[in-house]
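When you get a sec, could you build the whole thing from the sequences and use the hints?
Counted from 1, the sequence shown has number 167 at position 167 by this note's numbering; the numbering is strictly sequential.
Worth flagging that the hints you see were computed from the coordinates, not collected in a lab. Idealized CB from N, CA, C, for every residue including glycine. Don't take each hint at face value.
[Claimed, not checked] So the derived label-pair ranges between C-beta atoms look like this: (1) VAL436 - PRO24: 34 to 40 Å; (2) LEU31 - CYS211: 43 to 49 Å; (3) GLY376 - SER327: 24 to 30 Å; (4) ALA278 - VAL436: 38 to 44 Å.
[As the list claims (entries may be wrong)] In silico DSBU-like cross-links for lysine-lysine, where the CA-CA straight-line distance does not exceed 30 Å: (5) LYS179 - LYS267; (6) LYS165 - LYS236; (7) LYS226 - LYS179; (8) LYS198 - LYS226; (9) LYS267 - LYS198; (10) LYS179 - LYS236; (11) LYS165 - LYS179; (12) LYS145 - LYS123; (13) LYS252 - LYS198; (14) LYS380 - LYS367; (15) LYS267 - LYS236; (16) LYS46 - LYS123; (17) LYS423 - LYS407; (18) LYS95 - LYS46; (19) LYS226 - LYS165; (20) LYS382 - LYS423; (21) LYS145 - LYS226; (22) LYS95 - LYS165; (23) LYS236 - LYS198; (24) LYS367 - LYS382; (25) LYS226 - LYS236; (26) LYS252 - LYS226; (27) LYS145 - LYS89; (28) LYS380 - LYS423; (29) LYS267 - LYS252; (30) LYS423 - LYS367; (31) LYS46 - LYS89; (32) LYS382 - LYS407.
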Amino acid sequence: TGSLSPASALGRVAGEREPAAMDPAFAHVPLDDLLEGIKAGTMLPKSLALPNGFILIRAEPLLAAIEFNQSVTYLDLSCNNLGDALCQKVANVLKNDSILRTVSVKDNTILEHGFMRFAEAIKENDTCQSLDLSCNFPGESAALKFVENLVSNRGLVDLNLAYIKLASAAGAPIADALKCEEVRLQHLDLSYNMLAEKGCADVAMALADNCRLLTLDLSGNCIRNKGAEALAEALKRNRTLQLLRARDNFIKAEGAEAIGRALQENKDLVLLDLSKNAMWEGGAPEFARGVGMHPSLRSLILQSSNLRSSQVAPLAGALAAAGAAPSLTELDLGVNAIEEAGVGPLCDMLLNHRGLLSLNLRFNTLKDAGAVQLAGVIEKNKSLENLDLQHNRITQVGAEGLVEALKSNFTLRQLDLARNTIKDSTVQRVAELLQVGRRPLGELADPLTEAMRMLERDF
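See below:
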């Protein structure tokens, strides 16, 4: 799809960095020999990436070796099912280590005592810059203690606390950390917790005046319209946030409209993801207007947002206006109900918006009529590079229209027609036409990945 995974940036959440690999000088050394070498000081790897059950039975000697040697700056032990006792030892290493810069213990069954140790560690350690504690089970009190200690930390730049069941009470101490001028956080993932409206409002109040945070993920926190309205007020004042994800939050039209009004004042957001929110009742005209007016938004992700054919016109019309959304390169409308009746406004948008590079329309029941309409635009459009039409009940009739369009289009480089009822020979013909007069696919840059690269360059 067009949406990052900022790993995409596509599986990764906003702000998450590409994982480091095992130090290449030691990649083929047997683990037991590596542990002995680290402990003896004869091997000094800087990066240890050992995820997915790789080191479970050797965890204790590994940690002892790291603590003794202090050469490792990157440690990935994610998905090893280490359990609470061993993770307490990881926390102890972090507390006393001045070399480690990145630590991931994602999905390791860390319980209350282990999380308490990490809470103590971040209070003492000011050199670790990236910490991933997501997908663990600390319990409400330990999770709360951890975020309370954030205000004392001076090192963390990138923090992932997704899926740890943070309750609404955690919003206030997170806000305290965001208000503190000495806290360095730039990337914060709080997705799929239980912050709810109150916790989100606390975070949003601090976000309004925060001048460091670049990416924030509040997906799956049941923030509803009130939480969305609080975020909207923050966006009106905040001048640094670049990526905001608020997927799957029960936001409806009222909340979306508030965010739309905020977009009319905000000038800095680069990516906005409001997928899995039923936000289109009444067409959300203020949201559409805000998107059209925004000068820097590059990626708009609205998958599964209950967008129906009768509601497409306000958004498409706002983007079709002269000078609208000049930076927008990616529009993801996958898994909605646009149908063939909603394709017309999108075609007008494609004819008038000259900057869009990627359009995702998968799972929209466009059928042959919608494919033929798009084919007519593809013949004329000179900017679109990626079009996703998977799962749209397109048959040979619609596919042949697209084939004809490709004969006179030399900018489209990816056209995904998977899981439609199309002959293999036609699919092959599409693939052949996509190579004519075009750059190799390997040279393509995903719009969101490119946005992330620009962020990393600037900051």
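query: If you draw a straight line from the CA of LYS145 to the CA of LYS123, is it 30 Å or shorter?
result: holds (11 Å)
- prompt: Are LYS252 and LYS226 close enough, with their CA atoms no more than 30 Å apart?
  reply: Between LYS252 and LYS226 the Cα gap is close to 10 Å, so the pair holds against 30 Å.
task: Could you grab the alpha-carbon distance between LYS382 and LYS423 and see if it respects the 30 Å cut-off?
output: holds (27 Å)
message: For LYS145 and LYS89, compute the direct alpha-carbon distance and say whether it is at most 30 Å.
response: Roughly 18 Å between the alpha carbons, so the hint for LYS145 and LYS89 holds.
message: Next pair to validate is LYS367 with LYS382; report whether the Cα-Cα distance is within 30 Å.
response: With Cα atoms ~24 Å apart, LYS367 and LYS382 stay inside 30 Å; holds.
- prompt: Do the alpha carbons of LYS267 and LYS198 lie within 30 Å of each other, as the hint requires?
  reply: Answer holds: LYS267 to LYS198 is near 26 Å, not above 30 Å.
task: With a cut-off of 30 Å on the C-alpha distance, tell me whether LYS380 and LYS423 pass.
output: holds (26 Å)
message: Tell me if the straight-line CA distance from LYS95 to LYS165 falls inside 30 Å.
response: Holds: LYS95 and LYS165 sit about 24 Å apart, inside 30 Å.
Beta-carbon spacing of LEU31 to CYS211 - inside the hinted bounds 43 to 49 Å or not: holds (44 Å)
message: With the threshold set at 30 Å, check whether the alpha-carbon distance from LYS179 to LYS236 stays at or below it.
response: holds (17 Å)
task: With a cut-off of 30 Å on the C-alpha distance, tell me whether LYS226 and LYS179 pass.
output: Holds - the C-alpha atoms of LYS179 and LYS226 are around 21 Å apart, at most 30 Å.
task: Mind checking the alpha carbons of LYS145 and LYS226 for me, to see if they're no more than 30 Å apart?
output: holds (26 Å)
In terms of the numbered hints stated before, the structure departs from none.
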